[in-house]
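Engineer: The residues making up each chain are set out below.
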Amino acid sequence: MTAIGVVDYGMGNLHSLGKALERVAPDQRIVVSYDPEELLKCDRLVLPGVGGVRACMNELKRLELNQMVTEAAGRVPLLGICLGMQVLLEWSDENNGVPALGLFPGKVVRFPDPPAAGIDGQRLKVPHMGWNRITQTRPHPIWAGVPDDSWFYFVHSYHAQPKYKKHTLGTADYVHTFAAAIARDNIVAFQCHPEKSQAVGMQVLANFANWSP
Amino acid sequence: MLAKRIIPCLDIDRGRVVKGIKFGDVQDAGDPVEVARRYDQQGADELVFLDITASAEARPILFQTVEQVAEQIYIPLTVGGGVRTCADVRALLSAGADKVSINTGAVENPDFVTEAGDRYGVQGIVVAIDAKRVSKKKENPRWEVFTHGGRKATGIDAVEWAVKMVQKGAGELLLTSMDRDGTKQGYDVEFLKAVTDAVPVPVVASGGVGTLEHLYEGFAKGGADAVLAASIFHQGTFTVAEAKQFLADKGVRVRI
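For the record, the sequence lines run as chains D and L.
Residues in the first sequence are numbered consecutively from 1, following the working numbering.
Residues in the second sequence are numbered consecutively from 214, following the working numbering.
Simulated from the structure, these hints should not be mistaken for lab results.
Heads up, some of the hints might be wrong.
[Said to hold, decoys possible] With a straight-line cut-off of 30 Å between C-alpha atoms, the simulated DSS-like cross-links for lysine-lysine are: (1) L:Lys232 with L:Lys365; (2) D:Lys107 with L:Lys365; (3) L:Lys381 with D:Lys61.
None of the values given here were measured: they were computed from a predicted structure.
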């Protein structure tokens, strides 16, 4: 039986993510763990995360999960979600600036504050919270069966700015167009929460569970 | 662009969904798990789950009910009721909540909001404000904050409180007009507008929805980012899908 490891470093809603993975991958074992050795045995990994980036990086280091993620990212399919996507970049401006894992060149920046008026003249709020569409900017197996411009659930105040355009997989519009999904080699990551995005989100998770890069 | 959100609210009392009028007179409205599943299927954008007697009875929220509800839905869940410590926040997030709502706990200790936001991210921290209009006719409008499920007056000005809570790190505000709650007379849009003009974070309107027009007013006149309603959905007057279609026809950007 193959296994999907969910990296549990004490920050975030792993309950619903675990349940969603069980639903889309009934034939795989879902291993929610903070033990690097146990996670390294898994066939694919999910790095979730909510909260502040400094606390996140501190916990990843304390549990020796940062090296594990970097090492695993060279071998098995890796899915980053929300803060779990942001820590894949080199640097985040959050919490006065924090170096991150650096699996993607680029950084994480805050939406302009106070927010600018939107296209329709309405005042925009930060955090960007709610349902927004993702425009698919290039083909990828993770998009299989996901209609272009589908609605996904977002909740974040910072967003990734990958250095290379080729790493962007999909964009969303809020204040400006930003990278809502990124990918390279066997790594794919979403700013939104697929586990909170109803049917299209389940499709993304199912695609990840079956992805053989 | 971001869609406006429609959020059914499940007020929970001793494990059942209930509906009160002006924070009193409670009626049964079903099993939380079944009700949550129904709204998820109807296309609700989020759910809010409030343990309405937790603070007044000084007991922890019903984690098991939160877990059962969270298992049934694939949309975000906000949970509130008696949240006073970071341990409460962590326990609710672990049980399956995506956001926690803090009300009485914030009034008792405003720095708790900062502490929780630093630790778990401001986007997961909602401050709920229950307010009652206290100005007389012809006076400048003024609203006062109440706590303990609307049982205790605080003397705090609600608009000033909203601004302070955002400074303390609230990622979202949930505003309930106690004068309108359960009355089906519509939101107190004047109160909503006063707050949405004053703060840079998303605001959820609550209290008083009786018609779909009221939802529209929450967005168009109140400037809300999301509208919350209970009775019209619980009693089956409208489905969430019907509400969304109505709003879309009026030009509101909703997820359909």
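Engineer: If a hint holds in the structure, say so; if it doesn't, say that too.
Structural biologist: How the hints compare with the structure:
no. : hint                   : result
1   : L:Lys232 with L:Lys365 : holds, 20 Å
2   : D:Lys107 with L:Lys365 : violated, 47 Å
3   : L:Lys381 with D:Lys61  : holds, 28 Å
Hint 2 alone, counting from the list given before, is not met by this structure.
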